[in-house]
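S.K.: Make the full structure from the sequences, and use the hints.
Chain by chain, the residues run as shown.
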Amino acid sequence: MFRYMRRKIIIYLLTFVVAVTLDWIIPRLMPGNPIIGLISRLASMPQQVEELYAHLTKAFGMDQPLWKQYFMFWNALFNGDLGISITVYPKPVLDLIRQALPYDLMLTVPAILLSWIVGNKFGAFAARKKRLDNWVLPVWYVVTATPYLWLGILLSWALGVVLDIFPIAGAYSFSIRPSFSWEFILDYLHHWFLPFLSLFVVQLGGWAIGMRNMIIYELEADYSRYLETMGAPPRLIRRYAFKNALLPQVTGLAVQLGVIVTGALTTEIVFSYPGIGYLLNQAILQEDYFLIQGCFLFVILGVLIANFVIDIVYVFIDPRVRLSMGGDS
Amino acid sequence: MKKLLVFMVLLTVLLGGMAFAERYERSETIYCGGGLWGPPANWNPAQPWAAVSGTIGLIYETLFTYDPLTDALTPWLAESGSWIDDDTYRVVLRDGIEWSDGTPMTSEDVKFTFELPAYFDGVHYTSLWEQFESVVAVDELTVEFNFRNPRYHEWAYQIYQLPVLPKHLWENLSVDAVLTGSNEGNVIGSGPYLFETYDLDRMIYLKNENWWAQDLLGLEVVPKRVVYARFASNNVVLGMMMKGEELDVSNFFLPGIPAIKGPYAIHTWYEDEPYMLSDNTAFLFVNTQKKPMDDPTLRRAMAFAINSNEICKRVFENMVIPSNPLGFLPIDGWMKYYSQEAVDANGFVYDPSMAKKMLDEAGYKDVNKDGFREAPDGTPFKMEIVVPFGWTDWMESIKIIAVNLQAVGLNAEAKFPDYNKYFEQISTGNYDLAINNFNSKLSVTPWTLYNWLFADIINDRANSGNFERYTNPEMLDLVDAFNEVPMADVEAGKAIMADVAEIFLRDMPAIPLWYNGMWFQANTNVWSNWPGENSDNQSYPTTWGGTWQLGGVMMLTKIQPK
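Residue numbers (this note's numbering), protein chains in the order written: chain A, 1 to 329; chain B, 330 to 891.
None of these hints come from the bench; they were simulated from the model.
A virtual CB, placed ideally from N, CA and C, is assigned to each residue, including glycine.
Heads up, some of the hints might be wrong.
Cβ-to-Cβ under 7 angstroms is the rule here; a few derived chain B residues that face chain A [as the list claims (entries may be wrong)]:
| # | residue |
| --- | --- |
| 1 | R352 |
| 2 | Y353 |
| 3 | Y360 |
| 4 | P368 |
| 5 | A379 |
| 6 | S456 |
| 7 | L508 |
| 8 | S511 |
| 9 | D530 |
| 10 | R531 |
| 11 | A558 |
| 12 | A743 |
| 13 | D747 |
| 14 | Y748 |
| 15 | F752 |
| 16 | N792 |
Computed from the model, here is a short list of chain A residues facing chain B with C-beta under 10 angstroms [as the list claims (entries may be wrong)]:
| # | residue |
| --- | --- |
| 17 | Y89 |
| 18 | I153 |
| 19 | W157 |
Covered stretches of chain A, going by a simulated chain B footprint (3 or more residues, C-beta under 8 angstroms) [to be verified]:
| # | segment |
| --- | --- |
| 20 | 51 to 57 |
| 21 | 65 to 75 |
| 22 | 180 to 188 |
| 23 | 222 to 236 |
| 24 | 265 to 273 |
| 25 | 277 to 291 |
| 26 | 312 to 323 |
M.R.: Rendered as structure tokens:
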């Protein structure tokens with residue numbers, strides 16, 4: 001167990017360094033110059049624009065040679081400094097992420113977890129009811145195949161504009177000041193519901209289909225047949241099948257949870273909901289190196305931590321991993 | 330565990346029940362959109378390109394305001410301002426203006442503002458400051474600007490652009506705070522609103538109950554709060570407008586307004602086409618340093634080949650109108666310098682057969698029979714037209730332009746690079762054709778247009794205009810000469826502008842296409858008396874950053890709760 005963990009940790013650390021280095025390099029390979037973009041709309045005398053350009057280039061440390069910038073970046077990183085955003089100038093990147101991330105987490109975590117739980121239960125249930133399966137499966141396929149953008153706009157249009165039951169923009173009313181009160185919490189939930197629903201619905205189908213296929217596969221597997229011929233009750237067989245079918249779903253969940261930090265770009269655009277996704281999109285369009293780096297740093301951390309947790313969870317839920325560890329040491 | 334949970338829930342109920350949320354009274358709040366494109370982060374009036382819309386206009390104010398509808402440059406913080414001799418401009422401040430921290434505004438503040446570049450090296454109006462021999466605070470309220478070589482047009486523009494800053498809060502700031510700081514925590518101005526709060530997608534201004542104009546001008550802004558919202562897409566804005574009560578003013582370009590205007594009672598400036606006022610001119614820039622576009626005949630032929638009418642109709646649903654051949658906005662401040670003679674002699678209209686004839690005569694012929702004309706020396710060429718990806722109206726426009734050019738035998742293709750790539754291409758001269766309008770916006774003088782069209786190129790970068798890289802010294806001299814004509818001497822200015830027009834039409838370094846609109850849609854459910862052609866609220870309906878002093882503030886003093 002200890003050796004297993006040590007090996008894993010070393011691999012994760014190496015991956016982290018390589019990923020963060022790539023995270024630093026890739027934005028800088030984009031054509032164009034972010035500082036020029038920043039001052040492109042300044043209406044002033046050319047001399048001043050030139051002076052300002054020099055000043056900003058220096059302020060962002062971009063007058064230094066690249067290798068120096070790279071070491072400055074690591075140095076700043078260890079001091080908890082992710083730099084200043086160019087698009088949302090002059091806000092520190094860390095402040096921006098801190099401001100935007102909670103909106104994403106409150107939206108995506110419940111959507112992913114609930115759709116995962118409900119999808120798995122429902123998929124497993126449908127897999128053994130032939131009639132239900134015939135009816136529900138096509139529905140799931142349609143839902144999963146629906147372009148999310150279209151579904152989002154449709155929901156927003158129907159429930160937001162036509163029926164006017166839900167708001168279509170913002171995380172809370174433009175007319176309310178955030179406070180710890182029922183009125184605000186209800187207002188927040190009112191705004192939260194449509195984006196949540198759209199994410200939930202779109203992911204539900206995928207999980208359910210995955211589970212249904214896995215269950216059918218497991219029920220056809222040799223061990224199920226064997227149990228069946230041994231006269232084991234179907235309930236028991238189904239429980240074994242469910243356990244085995246769950247493994248790939250857990251891996252899928254980990255991947256999903258790892259990237260939630262990028263936010264839900266489409267959701268944020270369709271429902272004009274604040275969050276990291278929109279910021280990241282703007283940052284990429286305008287080559288905001290520091291904001292891109294900052295966002296992806298959290299993605300890297302998210303993916304690594306999620307995988308690490310899954311590695312540990314697997315030790316408990318997958319006897320094969322436990323066995324291989326035992327065989328190893 | 331369970332006990333803890335119960336306890337938490339109880340605590341939430343108790344605390345939550347006790348606190349009341351603050352909700353802004355609907356009838357006292359105006360919701361605006363269209364000038365906020367990212368999370369609010371900068372309220373620094375010395376960085377107008379980055380400051381949140383309203384920083385200048387709602388909080389910090391200018392000496393003068395300019396009304397493009399009546400071509401009136403009106404004293405605002407100033408009670409009066411005039412040239413007392415050829416080189417001296419005297420400003421007298423209104424008596425009784427206070428900063429929102431209670432300190433009186435004096436001539437020292439004005440002097441400090443215009444001398445800011447002396448305190449902080451690198452302020453964006455250093456070149457203006459360099460024109461001063463001296464700035465003298467004559468008494469508490471009077472300031473005299475002594476010029477070395479006055480540029481009257483530039484001055485007329487700057488006195489309604491530069492916000493007056495409170496000296497007592499600014500003189501001890503660091504250079505970094507002024508040039509690159511956000512100014513958060515120091516947002517003290519003199520204007521009708523105060524900085525209240527902000528979040529990722531909104532900026533909220535609270536009425537300044539002690540605004541000087543209430544006593545001195547009898548003006549009062551009506552809404553107690555201005556909530557400036559950011560929206561992530563135009564679809565959402567359209568939905569907000571249709572919901573009717575959630576967004577009062579939109580300065581977004583929204584396709585489809587002509588269709589939904591009637592059914593949803595959406596107010597626009599004009600009741601019928603073109604619905605919108607004109608705000609700036611979209612030009613097709615031609616890279617004059619690249620072959621074969623360095624040939625004026627080719628550029629002129631393209632002007633004849635492009636069908637601006639079709640663009641206005643198909644892309645903008647006739648919410649914009651085609652430009653005149655000089656790119657002059659249809660406002661008195663510019664049209665009084667319009668040279669009809671030059672246009673009659675050398676202007677252009679959409680006429681593909683004329684374009685073909687010009688190209689034939691200049692030797693552009695399809696020698697290799699690939700369907701497109703070659704340059705007179707026989708080399709084939711293809712022109713790429715660029716606009717930033719995602720700017721859908723421009724993207725559609727250049728598709729039409731490409732088709733128009735192909736129709737007269739010129740090989741042209743529409744391309745959509747990302748914004749930064751686009752800007753790098755046009756500022757470094759690495760492009761063929763591009764649409765741009767960044768500083769063709771309406772102003773007190775067409776000098777601003779030419780100052781942008783023919784800006785100096787420094788270190789081979791055209792960062793502030795002149796993307797076409799036009800370097801005709803004759804033209805530059807004329808523009809400088811125009812700048813040095815007193816504003817009152819319209820005839821002398823017009824004579825110079827006639828020469829400018831003649832060279833412009835002959836060389837055609839940039840082709841004026843259409844006027845982008847002052848996009849303005851208002852909901853009439855909560856507020857009424859919106860600006861419009863038939864309204865007594867004759868204010869230029871803008872809430873865009875840096876333009877509140879053109880009419881946005883006045884609009885807020887004249888709307889009425891319903």
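S.K.: All hints, please: hold or fail.
M.R.: Going through the hints against the structure:
1. At its closest, the beta carbon of R352 of chain B sits 5 angstroms from a beta carbon of chain A; the interface hint therefore holds under the 7 angstroms criterion.
2. Given hint, Y353 of chain B at the interface with chain A, holds; its Cβ is 5 angstroms from that chain's nearest Cβ, closer than 7 angstroms.
3. About 6 angstroms separates the beta-carbon of Y360 of chain B from the nearest beta-carbon of chain A, less than 7 angstroms, and the hint is met.
4. A hinted interface residue such as P368 of chain B counts as satisfied when its beta carbon comes closer than 7 angstroms to some beta carbon of chain A; here the least separation is about 5 angstroms, so the hint holds.
5. Below 7 angstroms, beta-carbon pairs count as interface contacts, and A379 of chain B has one with chain A at about 5 angstroms; its hint therefore holds.
6. Because the beta carbon of S456 of chain B sits about 4 angstroms from the nearest beta carbon in chain A, less than 7 angstroms, this interface hint is met.
7. Given hint, L508 of chain B at the interface with chain A, holds; its Cβ is 6 angstroms from that chain's nearest Cβ, closer than 7 angstroms.
8. The interface hint given for S511 of chain B is met, as the beta carbon of that residue sits about 5 angstroms from the closest beta carbon of chain A, less than 7 angstroms.
9. Interface hint at D530 of chain B: satisfied, since its Cβ lies 5 angstroms from the closest Cβ of chain A, which is below the 7 angstroms cut-off.
10. A hinted interface residue such as R531 of chain B counts as satisfied when its beta carbon comes closer than 7 angstroms to some beta carbon of chain A; here the least separation is about 6 angstroms, so the hint holds.
11. The closest approach between the C-beta of A558 of chain B and any C-beta of chain A is roughly 5 angstroms, which is under the 7 angstroms cut-off, so the hint is satisfied.
12. With 7 angstroms as the threshold, the beta carbon of A743 of chain B stays out of range of chain A, its nearest partner Cβ sitting at about 19 angstroms, so the hint is violated.
13. With its C-beta approaching chain A no nearer than about 6 angstroms, D747 of chain B sits inside the 7 angstroms limit, and its interface hint holds.
14. Against a cut-off of 7 angstroms between C-beta atoms, the interface hint on Y748 of chain B holds, since the closest Cβ of chain A lies about 6 angstroms away.
15. Hint status for F752 of chain B relative to chain A: holds, with the closest Cβ pair at about 5 angstroms, below 7 angstroms.
16. Because the closest C-beta pair between N792 of chain B and chain A is about 4 angstroms apart, less than 7 angstroms, the hint holds.
17. For Y89 of chain A, the shortest C-beta to C-beta distance to chain B is roughly 5 angstroms, which falls under 10 angstroms, so the interface hint holds.
18. The criterion of a C-beta within 10 angstroms of any C-beta in chain B is met by I153 of chain A, whose closest approach is roughly 7 angstroms, and the hint holds.
19. Of the supplied interface hints, the one on W157 of chain A holds, with its beta-carbon coming within about 7 angstroms of a beta-carbon of chain B, less than 10 angstroms.
20. Counting residues of the segment 51 to 57 of chain A whose CB lies closer than 8 angstroms to any CB of chain B gives 5, which reaches the minimum of 3, so the coverage claim holds.
21. With a cut-off of 8 angstroms between beta carbons, the segment 65 to 75 of chain A has 0 residues touching chain B; three or more are needed, and the interface restraint is violated.
22. By the rule of at least three residues with a Cβ nearer than 8 angstroms to a Cβ of chain B, the coverage given for the segment 180 to 188 of chain A holds, with 7 such residues.
23. Here's how the segment 222 to 236 of chain A fares: 0 of its residues keep a CB closer than 8 angstroms to some CB of chain B, so the rule of at least three is not met and the hint is violated.
24. Here's how the segment 265 to 273 of chain A fares: 6 of its residues keep a CB closer than 8 angstroms to some CB of chain B, so the rule of at least three is met and the hint holds.
25. Chain B is given as covering the segment 277 to 291 of chain A, and this holds because 6 residues of the stretch bring a CB closer than 8 angstroms to a CB of that chain, at least three being needed.
26. Check result for the segment 312 to 323 of chain A against chain B: violated, 0 residues qualifying (beta carbon to beta carbon below 8 angstroms, three or more required).
Violated hints, in rising order: 12, 21, 23 and 26; the structure is consistent with all others.
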